[in-house]
Amino acid sequence: MKIKLSQILAHIVLILGVLLMVIPIWLSFASSTHDTVTILKEGMKFGLGDQLTRNYNEVLNEKGGWSEEVTAAKMFINSFIMALGIATLKVIISAMSAYALVYFRFKLAVPIFWLIFITLLVPLEVRIFPSYKIVSDLGLTNSYTGLVLPLVASATATFFFRQFYKTIPDELLESAKLDGANSWRFFIDFLVPLSKTMIAAMFIFMFVYGYSQYLWPLIMTTSEEYWTVVMGMKIIFTESYEGVALPRTAERFAYIILSMIPPVLVVVFLQKWFIKGLIQTEK
Amino acid sequence: MSFLELNKVTKIYPNGTKAVHETSMNVENGEFMVFVGPSGCGKSTLLRMIAGLEDITEGNINLDGILINKVDPSERDVAMVFQNYALYPHMNVYNNLAYGLKNRGISKEDIEKKVNEAAKLLQISEYLQRKPSMLSGGQRQRVAMGRAIVRSPKIFLFDEPLSNLDAKLRIQMRLEIKKLQQKVGVTSIFVTHDQVEAMTLADRLAVINNGLIEQLGTPIEIYNNPKSMFVAGFIGSPQMNFLEGELKNKTLTSEGFEINNVTSDFNGPVILGIRPEHMSQTDKGLINLSVDLVEQLGSDNLIYGEIKNKKDFCFRCSGSQIIKKGSKLSLNINDNNYYVFDKSNGNRVN
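First to last, the protein sequences are chains S and F. Heads up: the first sequence is residues 1 to 283, going by this note's numbering. Heads up: the second sequence is residues 284 to 633, going by this note's numbering.
This is chain F alone, in the form it adopts within the complex:
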């Protein structure tokens, strides 16, 4: 039996909106699971159901072998870090951390010990007497994490905790969260809409769309082997290029080029997906790109251009290459790294 089991969990709001459809998944003890998806896909709802902040319409959730559907949030032994941190504004940092312990009737000495330990781990010891309003964004984030850690709960839940930070701090905190989780070893679920966060943090990743898990797997599995067009488009940056085409007898025709020996028995209209980083320049390649725009990132260049009817086709090359606007490039797909999706339903067919 897994540590956290979701069995056909469904959420229907009183107004009839179906936020989560019969979702089933298992999370193992100590695992870092990330829910990723666009806004309104139901990922936060799912997390809040695990926390007990939303009722479960149908299905079961088991945590550590106990059915927790009807268990009050305060009894579930879960800790959550909120997007806006939800620090207690009238309490200093020490009391913010200690509050949950006090409610559990832990002795004063133990509370002090635990709070000091957690504060040391998060490097907030010197702010313990301050109020949250006197802290910076990053410090608040740490306090919110401290409040979760200090209780040593069965599971950590993170609801987009990094989205209120500036870009630099976000990367730094991302790293710290990952390190911390590895150190503390607590099972964690992290909700985000940022695919980079998802890729870097996750042991396993659940890509969620319209209340359904589209794909579940390790980040690299999902990157290398997306099951649907949605997953392929969501994971990877810059986004995968999608070209319309026709697959017939293992030959794919699209935007002025042909690919032979496609490993698929599918016949009909398809979408061809190519990642910008899976192409390279050659003399006589498949794809002819006329360059409209060059984004120089330093380490890489992102080239945007036109191929026949498709605009804003992206190609990624090393930053050392100098490519000018208006020039024409000839590209080949590396090692058959392309993806073919059924145009009607977006499912992968190769």
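Chain S with its partners taken away, still in its complex shape:
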């Protein structure tokens, strides 16, 4: 009986947790199916309205911004490219630098590792002006390269990969050497497949990180062609009313719901490996 009670308690806690996460999302979704006037008058809605198709259609197809040319769809694509670029490059660069730090026992490996590690203390927001200066000197403003490149170095991922590689027994490397594998082959044939759960987990983290960047794209892009979802949220779907820009709340809710889809898809596709990567290492 005792076990049952604790199970019930655990489930209550879990259910509360789930509700805490799901209710705001549901509220946004439900609100996105009403029209703006209803929401402005009555507040956010729990029940569904009848404006679903209209609102979502509007969001995806309406041209906005100052130039009235950028669409939400374009911004989704931009964000997706940026997040994908950041996540992919971050994973590749971190895995390779961790490989160098762990397996090539050069003299300064430890100081260099700590140097990489302390960059955690200097996030992009702190070094935003020098970063902008460099990128603009290189002529990379208003380009995908400029959006992605300054964000691809990652101390966190390097740290996780380093810790993981350290747990791989030396004999594996030695045995691979005797089997004729060079350094590159060892990385591709051993470290990559052995750390694939780790790679999946890192990829998800980094994708979400890249997707939710706000300040950097805001500073980097002057052309609306490179706007991203998170920036767009503030700017798009306003209505001029006696010279004051008022938000079109219903469409914004629809926009929020749509903006959640790409990261959710990434998590859904990679979650099997992601969970494995967090709770166990395959050895």
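Rather than coming from a laboratory, the hints here were simulated on the basis of the structure. No residue lacks a Cβ here, since even glycine has one placed at the ideal position from N, Cα and C. Check the hints yourself; a few may be wrong.
No farther apart than 27 Å at their CA atoms in a straight line, the calculated lysine-lysine pairs in the BS3-like style are these [unchecked claim]: (1) Lys-196(S) / Lys-385(F); (2) Lys-414(F) / Lys-166(S); (3) Lys-397(F) / Lys-414(F); (4) Lys-414(F) / Lys-196(S); (5) Lys-276(S) / Lys-414(F); (6) Lys-461(F) / Lys-397(F).
Partial list, computed: chain S residues near chain F (C-beta under 8 Å) [stated by the list, open to error]: (7) Leu-172; (8) Ala-181; (9) Phe-190.
Take a look, some chain F residues computed to stay more than 12 Å from chain S by CB distance [said to hold, decoys possible]: (10) Thr-293; (11) Gly-313; (12) Gly-342; (13) Leu-350; (14) Glu-400; (15) Leu-448; (16) Val-469; (17) Ile-503; (18) Tyr-587; (19) Cys-600; (20) Ile-605.
Using the hints provided, position chain F relative to the given structure of chain S.
Chain F only, in chain S's frame:
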């Protein structure tokens, strides 16, 4: 010229530790050489230098007529079986065996043929599609051996491969390794700290202590004729009994008895070594043993007791004899099978 030649090979680690001292030896083609010694004696280091996994500080290693000091491990054409097997955990057994062949650019059909042959030889054909984590200890051991065999290398190196197995399996695998080596005929070097493994497997044996080869020879030579106290104590089970004594004018005095006509001109303090199996009971023997403990192994009895100042003196007799704790035995040494060592340096003097 021998197949594998070690010429004054020395290993000094960056922190100054000298692991291997000017070791020279030859291994002939097809020979099964065993390095035996206690933990930390440098035997694994020596093996790893042959494999190319450790740099050679000084000296030369020649394999099949080629100086291999600076040759990369992948080019040396050696195969090694590691203590923990180091199987590739993400590859199935087939790919574990095939990996080394793939890296050598061998065609797919040839790889398949070779892997299947090796698998058949080791009786692992039915596990080829499994991952190492789904295999038992003995099966993993076979896969590790298969990975070595499949490449038909110039030399097999074994680094204590049996120490992770349970006692029964260890004996079985020991037998299989020996059979396999005889069948395949590849030169092998086997490192172990277990003297029984060393005795049973070796064509020739190198007893290593503190980075030096103390003695090199066939197992029976070393058992019958140990050159030093260390070798005498290391080879043979149960261990040789050591008694303190004094040798003067060919007469040895020790623990209440005397041996005359010792074939040695040495004078001074010595250690007398007697193997437990080299004694037998008589009416009026040299040694008087008061029994403290009897270990019955079935086929044999191991009797432990006291003679004058020496405790835990061991005597081995047939298991059919019934000897009780507290009884007194009178023992003689068979056929002058005793060993005399210089007490100061442990060298054999008779």
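Each hint tested on the structure:
no.	hint	result
1	Lys-196(S) / Lys-385(F)	22 Å, holds
2	Lys-414(F) / Lys-166(S)	22 Å, holds
3	Lys-397(F) / Lys-414(F)	19 Å, holds
4	Lys-414(F) / Lys-196(S)	16 Å, holds
5	Lys-276(S) / Lys-414(F)	18 Å, holds
6	Lys-461(F) / Lys-397(F)	21 Å, holds
7	Leu-172	5 Å, holds
8	Ala-181	6 Å, holds
9	Phe-190	7 Å, holds
10	Thr-293	21 Å, holds
11	Gly-313	21 Å, holds
12	Gly-342	21 Å, holds
13	Leu-350	19 Å, holds
14	Glu-400	18 Å, holds
15	Leu-448	17 Å, holds
16	Val-469	15 Å, holds
17	Ile-503	33 Å, holds
18	Tyr-587	40 Å, holds
19	Cys-600	45 Å, holds
20	Ile-605	50 Å, holds
Comparing the model with each earlier hint shows no violations; every hint is respected.
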